[in-house]
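For the sequence shown, the residue numbers in my numbering are 1 to 136.
If you're looking for bench data, these hints aren't it; they were derived computationally from the structure. Honestly, I wouldn't trust all of these hints.
[Unchecked claim] Here are the simulated distance ranges between beta carbons:
#1 G126 / D9: 30 to 40 Å
#2 K65 / K111: 13 to 23 Å
#3 E112 / N19: 13 to 23 Å
#4 K65 / D37: 17 to 27 Å
#5 E112 / T39: 17 to 27 Å
#6 E102 / A136: 32 to 42 Å
#7 N19 / G61: 15 to 25 Å
[Stated by the list, open to error] In silico DSS-like cross-links for lysine-lysine, where the CA-CA straight-line distance does not exceed 27 Å:
#8 K122 / K111
#9 K111 / K94
#10 K65 / K36
#11 K111 / K65
#12 K94 / K36
#13 K122 / K36
#14 K94 / K65
A quick note: this is a predicted structure, and the numbers were derived from the prediction, not measured. Beta carbons are placed, not taken as given, at the ideal position from N, Cα and C, and that holds for glycine.
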Amino acid sequence: MDFNQQIVDTFRANGGEVNEPIRFGKGLVLVHVPKKDGTIRIAPLAAIHDDGAWYIVASAGGSPKNPAWVYGLRRTEQVDIEVPGEPVETLRAKVEEVTGDERDALWARFKELSSGFAAYEKTAEGRDFPIFRLAA
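Could you put the whole structure together from the sequences, leaning on the hints where they help?
Here's what the structure looks like:
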């Protein structure tokens, strides 16, 4: 089974909580349609839920390149997200890329959430990780 699919299946089966195969906590599942082929894709992502919005970071495991879903989010105004709950709930969310001081403050929060994010800075070859606000 695909690693991401394993995380998504665990997320859906456990009300949005994922602790194996990785410590994922309460993130979300991004449902998106890439421009190239129109196939629906899903991406399990760590997230911060604050003030009614969900924030996601395009860390791509510390890759020097953005994950493909970044370009799709930059082209669209809304996406579907699956969020923790009993049962997991699907919401339509407005997409907004966060920049400047707000982005920097959120990046610091992601690094507090998981030390893995700080480690990614070392392998990303100077890439700034885009952060998006998803508001239902």
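Tested hints:
1. Taking the beta carbon of each, G126 and D9 are about 35 Å apart, inside 30 to 40 Å as hinted.
2. For the pair K65 and K111, the beta carbons lie near 20 Å from each other, so the given range of 13 to 23 Å is met.
3. Taking the beta carbon of each, E112 and N19 are about 18 Å apart, inside 13 to 23 Å as hinted.
4. The supplied range of 17 to 27 Å is met by K65 and D37, whose beta-carbon atoms lie about 19 Å from each other.
5. For the hinted restraint 17 to 27 Å between E112 and T39, the CB-CB distance of approximately 35 Å leaves it violated.
6. Restraint check, E102 to A136: a C-beta distance of roughly 19 Å breaks the suggested window 32 to 42 Å.
7. Distance hint check: the CB atoms of N19 and G61 are about 19 Å apart, consistent with the given range 15 to 25 Å.
8. Taking the CA atoms of K122 and K111, the gap is near 13 Å; set against the 27 Å cutoff, the hint holds.
9. In summary, the hint linking K111 to K94 is supported, as the alpha carbons are separated by about 24 Å, within the 27 Å threshold.
10. Simply put, K65 and K36 have alpha-carbon atoms about 18 Å apart, close enough for the 27 Å limit, and the pair holds.
11. In summary, the hint linking K111 to K65 is supported, as the alpha carbons are separated by about 19 Å, within the 27 Å threshold.
12. For the given pair, K94 sits about 22 Å from K36 by alpha-carbon distance, which is consistent with the 27 Å threshold.
13. Simply put, K122 and K36 have alpha-carbon atoms about 31 Å apart, too far for the 27 Å limit, and the pair is violated.
14. Under the criterion of a C-alpha separation no larger than 27 Å, the hint pairing K94 with K65 is consistent with the structure, at around 24 Å.
In summary, the structure is inconsistent with hints 5, 6 and 13 from the numbered list given earlier, while agreeing with the others.
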